[in-house]
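Participant: Single-letter residue listing:
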Amino acid sequence: MSRLDDLFAPQPVPEWLRFFEAEPDRAVDALLWRRFYFGPLNVEEPEELLIDWALWMSAEEEFLETLDGALALWVERTWGEHPGAGGTGGGARRLADAWSALAHVVKNVDGLPRTVDALRRAFEEKDEYLGALSVGPSQDPLGRYLDALAAHQQDRSLAPFWWRLCDLGDDTPFYHASYAMAGLIGLPPLEEEAGGFREEVARGAVALARAFDRLVERGVLPEKRAEGALRSIVRLAMARFPFPEPWGQVFTESAARASERCFHWLDKLLPGRLEVRQEAEAQTPSRRFDHAGWKARAQRIAGELRRNRPAALQAAEELLAEEERYAEISGDSYNVVRSLCNFASSARQTVPRQAVRWADTARRWEPWNAYSWTTLVEALAEWRGADEALPLAWASVERFPEDATTRNGLAEVLKATDRLDEAEQVYRETVDRFPDNAHARTGLAEVLKATDRLEEAEQVYRKAVDRFPDNAHARTGLAEVLKVMDRLEEAEQVYRETVDRFPSDVVALNGLAAVLRLRGPAFLDEALHLVDGVLKKQPGRKDSLAEKARILERMGRFEEAAEAYAQGHQETQGAETFTRESPLRDGTASAAQLRTARDTGAVKASVHAPSDVYPLVPSLPSEVRETPAAYGLPIRRNRQDRARWSSEARFYRRWARTGGGTGPDRSPEALRDHADELLHQVLSLWPHDAKALAERALLRLDAGRWSEARNLILSALDALPATPALLAILARVEREEARAEKKTLREAQAAVLDPSLRLRALNPAFQPLAHLQKGRAFLALTDGLDRLQGAAKELTHLRQWIRPFLGRREDTFEKWWGGRIEDRVFFQIGPEPEVQPTEVETVTAILTERSAEIDLLEEDFWGRLSAGPAPPVITL
Amino acid sequence: MAPKTPPFAGAGPPFSVFLERTGKTASLGDSRFLARNFLLDEGAVETRLESYARAGAAADHADVSAWAGRHDDYLKRFVFLDQPAGGAPETVNPTHPSCPETFRHPEAFRSLGLAHPDLDLVRVVSVGGVVRKLPAGLATETELVAWAHEALATKDPDSAAWQALEAALAEWHPRLDLRPVFAGFWQEQKDLLDGGPPDWADVLRDRLGLLHLSPRRPGQELPIFVFRYPIRRIPRRLGLRDERALAVPTVLDGQLSEAFCPAPMEDAYGRVVDLAASYREPSREVLHPFFPAEVKLLARVGVIRRAPAKPVEEARAAHLLAIRVMSGRDDYAATTDGDLA
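First to last, the protein sequences are chains Y and G. Residue 673 in our numbering sits at position 673 of the first sequence, and the numbers go up by one each step. Residue 54 in our numbering sits at position 54 of the second sequence, and the numbers go up by one each step.
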């Protein structure tokens with residue numbers, strides 16, 4: 001008689017438990033993969049049986065330990081496996097069910113620490129892996145995984161994650177809202193809250209209310225549904241912590257700055273307990289709370305960080321701890337993210353490692369904030385070099401297609417890695433998409449200058465000056481190009497105009513001084529006067545000190561020059577970065593050495609070196625610069641490379657679509673080949689990489705190989721059914737084929753419309769894309785009236801969705817994307833959102849003519865909404 | 001009218017061979033009934049057989065476990081479909097990807113589509129199953145039961161208990177797939193549910209053949225909710241104003257179950273194997289599409305405490321006897337279940 005016999009007597013011991021007793025690993029495997037028939041137990045979900053037994057035998061330590069070991073082993077063996085694993089031949093649904101079952105057991109059973117630990121270690125990969133299997137709330141291994149983690153939290157390290165989930169950002173399906181609440185509830189309570197009311201839970205409820213409000217605002221969810229979803233979560237949380245008084249206080253305080261709708265929802269949840277808010281508050285809905293003194297402290301600390309004051313680090317950490325604690329309790333990350341980004345920017349040259357840590361923390365708090373990404377890109381480039389920052393720079397552009405700054409950041413990084421062609425293309429796209437962005441134009445001009453296309457650079461600068469007369473950078477850039485072209489008098493004139501318009505612009509003052517120095521001895525006094533003027537106001541300014549030293553050298557005042565170089569060096573002493581000054585000018589050269597250098601021509605040779613071409617990142621020693629992948633990059637098998645290669649492939653494919661660049665290796669065919677090589681690299685190492693598979697299908701589609709593209713997508717969807725890009729591409733494949741083969745609605749309806757339906761079922765946030773794709777699908781068919789009516793209906797829905805965003809003040813992705821669609825597609829028809837069947841032909845002509853451009857906008861949409869939460873770029 | 005040849009019996013090898021062999025293997029105990037059910041079922045339409053074959057389920061399997069795995073694959077591909085993020089469809093559209101195969105073919109509604117909309121159905125739900133699907137930390141089984149009792153006692157939709165239970169159900173529903181729902185008829189169970197004996201929950205479980213709602217270990221108690229709703233509450237068929245999507249259960253609509261037995265074609269309903277082998281007329285059962293239950297539909301809260309008193313084999317024998325009498329087909333299941341006295 002075993003222990004099990006004792007426990008079950010007089011009933012027989014279930015067969016599976018006998019199996020488990022003998023071979024726990026195999027028994028668990030069979031249960032999770034549903035390869036065990038439970039006979040008369042007749043269960044619909046075998047994991048329920050296991051939970052029952054485990055709870056019942058919770059006092060049996062040996063049983064739980066054995067179960068824990070077997071489950072943990074299963075996690076380690078199965079994580080990363082794709083459909084077909086488990087020897088069942090089953091598809092993605094079976095794999096998803098197995099993971100859901102595992103997570104369901106872990107959530108409901110205490111005493112499985114090894115399994116929880118195994119799941120927790122896979123945290124950074126959860127979205128990529130489980131997310132691709134999660135097609136909705138009923139098949140949602142990712143949600144179940146979050147639920148399991150929520151139930152077993154030993155510390156508060158996941159607090160920022162749960163708050164981020166409360167925001168229900170683009171990468172979070174709305175039905176994960178309840179897991180966000182479960183996560184907050186599952187956090188070990190703060191000391192003062194143990195056993196009583198949990199303020200953070202109440203604030204989480206408010207955060208969810210705001211998030212659902214945003215989803216309604218964006219047309220993702222109907223108001224009734226959003227309110228219903230919020231109501232059920234909050235009512236359960238209120239039943240769990242039945243303290244109406246403090247709930248009312250938190251709601252009153254938070255709701256004061258909430259939107260009308262949000263206020264109304266909260267009011268209904270606690271009838272009669274919310275105080276009537278002031279009208280002024282109601283008119284300025286905001287989640288920001290400026291704590292008295294934090295902003296000023298942050299600014300002071302940032303200044304000290306820039307000057308590399310040692311005490312600043314300590315002060316920064318103290319402030320961040322205060323702000324982070326506030327964010328953890330309130331979910332309001334505005335203050336902490338502002339400080340983190342501010343500190344990271346200020347410290348990136350002096351303590352770049354720390355800057356990266358700060359910026360990465362900011363990004364974890366607010367992954368939807370483009371600024372936190374660009375700050376991290378800059379910090380990472382400073383610390384590890386531009387090449388290390390590239391994957392992140394690519395990712396940020398895909399994530400924030402509406403943001404010109406991220407694109408400029410990418411271009412800067414490309415420039416710093418000597419990939420000037422690519423940088424130029426990125427800038428050109430940015431100029432095209434964001435014609436009002438001055439930085440993109442000056443950046444383009446700088447790339448042209450760096451490739452010695454000085455006349456072109458001059459033209460771009462002159463256009464920039466014409467378009468943005470108040471942009472000092474455009475003017476100084478133009479002057480610099482003229483200087484490099486040895487058109488010193490013209491450069492001087494542009495600089496003087498700039499100084500007249502912007503008398504305190506240090507770059508212009510230094511630049512003018514440099515041009516005067518180059519013009520000859522007659523101008524040196526004025527040059528010295530200019531830099532002295534700057535240094536009087538900013539005594540430690542390095543570039544001015546360097547310019548002063550050069551002027552003094554030219555004047556033959558070598559002792560003073562050496563002193564100026566030394567002073568400039570001293571200003572940066574203690575910094576982790578290597579100074580960009582040449583060895584002769586690193587502050588250690590004596591006056592005699594400087595004299596000798598002049599005599600041998602070393603100084604003169606470096607006069608025209610464009611020292612400020614790479615303002616964002618330091619130049620890297622040539623031996624550590626990485627060659628692009630297709631030109632012999634050694635394969636480094638990490639996730640960053642994987643993402644980067646696919647991103648680069650995407651970039652080259654899109655470049656090819658716009659006609660490519662100059663030269664044979666930049667022809668569309670060469671660019672596509674290059675993209676294919678990169679994808680081959682990814683897929684040979686990670687055959688189920690969703691992004692690479694999607695890109696490869698798009699490449700095939702661009703080449704007109706529909707059948708190949710379709711097979712690729714269908715096979716990819718078998719393994720990764722919840723990948724929006726794959727569904728959206730399938731819609732495109734079917735549409736293009738229907739068009740080419742002149743199919744009718746009857747012949748092609750299911751094929752061309754189903755992928756869009758599935759996309760919308762996956763996440764209602766894809767609705768506008770589904771309308772656009774369905775509208776285009778109807779237009780690709782050959783039927784008469786049905787086709788026109790179908791297209792008119794879908795395009796009307798799309799315009800109705802777009803319309804509210806256009807008038808809004810804040811810049812959002814929806815506003816940008818909707819604005820582009822309106823401008824590019826609907827500009828020739830009436831202003832009312834209703835698209836009449838009679839107008840459809842006009843739209844058809846435009847869509848045909850601009851098909852490539854609209855395709856890219858479609859890609860921007862799904863890229864933005866399926867970017868997934870960001871994994872950390874670096875382990876510190 | 002001559003009885004129709006059950007489609008799986010005539011499907012030919014290798015699956016029919018497997019079914020014949022399994023159905024006759026006495027050492028399998030009650031599991032042999034699984035195969036017999038397939039050989040008996042007259043209701044499955046041909047196109048569904050094709051789907052079953054496509055899922056790899058119509059094969060000569062190594063054993064019942066392997067078959068159960070493939071059957072599960074079929075269900076998940078064609079019947080237990082995922083619920084869209086936007087919620088369950090409110091009408092049954094046979095061409096929509098979210099429509100289970102059960103409701104795709106008009107033959108399925110032949111006998112029940114026009115059932116009277118005022119007839120009430122009953123559905124039994126395990127409270128443990130609800131609570132475990134709720135996100136962590138939001139509610140316990142004890143709380144759910146207490147809320148339900150209070151809601152039933154006060155009938156007050158504004159009460160905290162009612163609202164909390166409504167919230168729990170609203171959180172539970174999206175986590176369910178769109179598998180067809182088995183339901184019985186209120187009128188047949190009224191004697192239990194309007195008052196009834198103290199062990200009414202155990203008796204109801206037996207009458208409705210809910211073998212899975214049996215204690216799995218000594219002393220286990222299983223709280224249940226019973227929902228009551230009129231047929232008119234069930235989703236309509238698209239474009240058919242008066243027709244509700246009510247179907248007769250077949251072997252292809254749920255997991256393999258030893259306590260299931262397909263009804264003869266003559267019967268307009270499914271017929272449940274009474275786990276108490278009571279020899280009374282087997283309860284009727286139907287299938288309908290998933291729709292969210294609400295607190296206002298809650299009719300009773302109870303606890304199942306004991307296992308079925310009779311073995312499944314005895315219950316099946318009694319069931320078949322009753323079916324033969326009722327249908328006038330004395331030889332119904334004679335070739336498959338001749339060994340059951």
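In short, the hints are calculated from the structure, not lab data. It should be emphasised that the depicted structure is a prediction, and the values quoted were computed from it without experimental measurement. For every residue, glycine included, the Cβ atom is placed at its ideal position computed from N, Cα and C. Treat the hints with care, since some could be wrong.
What the hints assert, rightly or not - Straight line, CA to CA, 27 angstroms or less: simulated BS3-like cross-link-like pairs of lysine-lysine: (1) K190(G) <-> K268(Y); (2) K190(G) <-> K296(G); (3) K190(G) <-> K224(Y); (4) K793(Y) <-> K224(Y); (5) K224(Y) <-> K155(G); (6) K155(G) <-> K268(Y).
To be verified - Listing some non-contacts, in silico: residues in chain Y with all C-beta distances to chain G over 10 angstroms: (7) R34; (8) V75; (9) R120; (10) Q139; (11) D140; (12) D147; (13) D170; (14) A182; (15) W294; (16) L785; (17) F827; (18) G830; (19) T842; (20) D855; (21) L857.
Participant: Each hint needs a verdict: does it hold in this structure or not?
Facilitator: Consistency of the hints with the structure:
Of the pairs offered as hints, the one joining K190(G) and K268(Y) is violated, with about 38 angstroms between alpha carbons and a cut-off of 27 angstroms exceeded. At most 27 angstroms may separate the alpha-carbon atoms for a hinted pair to count; K190(G) and K296(G) meet this at roughly 18 angstroms. Our distance criterion of 27 angstroms between C-alpha atoms is broken by K190(G) and K224(Y), whose separation comes to about 36 angstroms. With a C-alpha separation of about 23 angstroms, the suggested pairing of K793(Y) with K224(Y) holds against the 27 angstroms cut-off.
At most 27 angstroms may separate the alpha-carbon atoms for a hinted pair to count; K224(Y) and K155(G) meet this at roughly 24 angstroms. A hinted pair counts as satisfied when its Cα atoms are at most 27 angstroms apart, and K155(G) with K268(Y) qualifies at roughly 20 angstroms. A Cβ of chain G approaches the Cβ of R34(Y) within 10 angstroms, the least distance being about 5 angstroms, so the stated non-interface status is violated. The claim that V75(Y) is not at the interface with chain G holds, since no C-beta of that chain comes within 10 angstroms of its own (minimum 18 angstroms).
Every beta carbon of chain G lies more than 10 angstroms from that of R120(Y), the smallest distance being close to 15 angstroms; the non-interface claim holds. Distance check for Q139(Y) against chain G: the nearest CB is about 5 angstroms away, which does not clear 10 angstroms, and the non-interface claim fails. Not every Cβ of chain G is farther than 10 angstroms from the Cβ of D140(Y); the closest lies at roughly 8 angstroms, contradicting the non-interface assignment. At roughly 5 angstroms, the least C-beta separation between D147(Y) and chain G is not larger than 10 angstroms, which violates its mark as non-interface.
For D170(Y), the condition that its CB be more than 10 angstroms from all CB atoms of chain G holds, with the nearest at approximately 14 angstroms. Residue-level check failed: A182(Y) sits 4 angstroms from the nearest beta carbon of chain G, not beyond 10 angstroms. Every CB of chain G is more than 10 angstroms from the CB of W294(Y) (nearest about 32 angstroms), matching its label as outside the interface. Every CB of chain G lies more than 10 angstroms from the CB of L785(Y), the least distance being 21 angstroms, so the non-interface label holds.
F827(Y), annotated as away from the interface, keeps every beta carbon of chain G farther than 10 angstroms; the closest lies near 32 angstroms. Every beta carbon of chain G lies more than 10 angstroms from that of G830(Y), the smallest distance being close to 31 angstroms; the non-interface claim holds. Interface exclusion of T842(Y) from chain G stands, the closest Cβ pair being 32 angstroms apart, more than 10 angstroms. For D855(Y), the requirement that its beta carbon stay farther than 10 angstroms from each beta carbon of chain G is met, with the minimum near 25 angstroms.
Non-interface call for L857(Y) relative to chain G: holds, since the shortest CB-CB distance, roughly 23 angstroms, exceeds 10 angstroms.
Consistency note: the structure conflicts with the earlier hints numbered 1, 3, 7, 10, 11, 12 and 14.
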